[in-house]
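There are 2 protein chains.
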Amino acid sequence: MNTRPTRILGIDPGSRVTGFGVIDVRGREHFYVASGCIKTPPNAPLAERIAVIVKHIDEIIAAYRPQQAAVEQVFVNVNPAATLMLGQARGAALAALVMHNLPTFEYTALQVKQAVVGKGKAAKEQVQHMVVQMLALSGTPQADAADGLAVALTHALRNHGLAAQLQQGGLQIKRGRFQVK
Amino acid sequence: MNTRPTRILGIDPGSRVTGFGVIDVRGREHFYVASGCIKTPPNAPLAERIAVIVKHIDEIIAAYRPQQAAVEQVFVNVNPAATLMLGQARGAALAALVMHNLPTFEYTALQVKQAVVGKGKAAKEQVQHMVVQMLALSGTPQADAADGLAVALTHALRNHGLAAQLQQGGLQIKRGRFQVK
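Heads up: the protein sequence lines correspond to chains C and H, in order. Numbered per the UniProt record's numbering, the first sequence spans residues 1 to 181. Numbered per the UniProt record's numbering, the second sequence spans residues 1 to 181.
Keep in mind that the hints were calculated from the coordinates and are not lab data. No experiment lies behind these values; they were computed from the predicted model shown. Built from N, CA and C at the ideal position, the CB exists for glycine as well. Please note that the accuracy of each hint is not assured.
In silico EDC-like cross-links for lysine to aspartate or glutamate, where the CA-CA straight-line distance does not exceed 20 Å [unchecked claim]:
1. 119/C with 106/C
2. 55/C with 58/H
3. 55/H with 58/C
4. 124/C with 106/C
5. 119/H with 106/H
6. 39/H with 59/H
Per the computed footprint, the stretches of chain H lying under chain C, defined by three or more beta-carbons under 8 Å from a beta-carbon of chain C, are [said to hold, decoys possible]:
7. 20 to 27
8. 78 to 90
9. 121 to 134
With the hints as extra help, turn the sequences into a complete structure.
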């Protein structure tokens, strides 16, 4: 049995703040490693804001060396300009991940809430509460950092069964996603 | 007088096709270097599509070594999902550019048309026609490649005067943009 932990980097992209969380997973145990927020200067040119996101994610990967990444799928806003900006921030974050050849998985907010709280309609505070509980944190992390940890936990929780099946040869990885044969 | 050419990489981001064009600029002369299209597999997971964009731009920068980049500002679509996808593709392209520390400038479609054709309401064919004329091309490049060349030309045309002022010390670069002192 494999007892080496898998390190997961979770990212919650936003146009102003990108949350991140790093956890270690061994079997059904989860351990907190790090979390935080990447804040972009709101009045800076777009290229500069993109650079802030990319360089911070580069630094996080260099410091913590995750093996997999999980990224929250963003809410499509009714405001087209806001949606475009959010898309650009998310695209930059994904670019920084794939440039390091990190297998990258996506989860919707619904999937995150279902995995972490057990129901898709959970409030943001419930997600934060469960993140604190599951990782035995001594304090509550910032909302965006908690979302980064939540998406990392989601990836871990949804793939316990899959990882076991993989080891038994019942699954294959295709295009970076698990698929049942 | 500086007679060494400046090499500019122009990028026209799209959710399915990202056009690029590379030109050399010496004084008021423009020379074609390269152009083409980066096509992303439409049914692949987003991370894979982002990887295609980032890796192709990486290869283009390695092959042609541009000194500056110009990126077209995209049209905000009425369809939020399409806008988000376009934003993500554009964010990935910008990430690839800033990761190479390329000074990156943005131009709207209106600015491109005004610079290349002389009027903001020019048809797409007129832009293509002027790109062929200005770079003395023997054939017409694909639409997206022509748009990449057009945004590179726009950056060259709009900065002739600025570049001259820069050499005289009348301008400074702040946050990647030219500013009058």
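Go through the numbered hints given earlier and state which of them the structure violates, listing their numbers in rising order. The structure conflicts with hints 7, 9, although it agrees with all the remaining ones.
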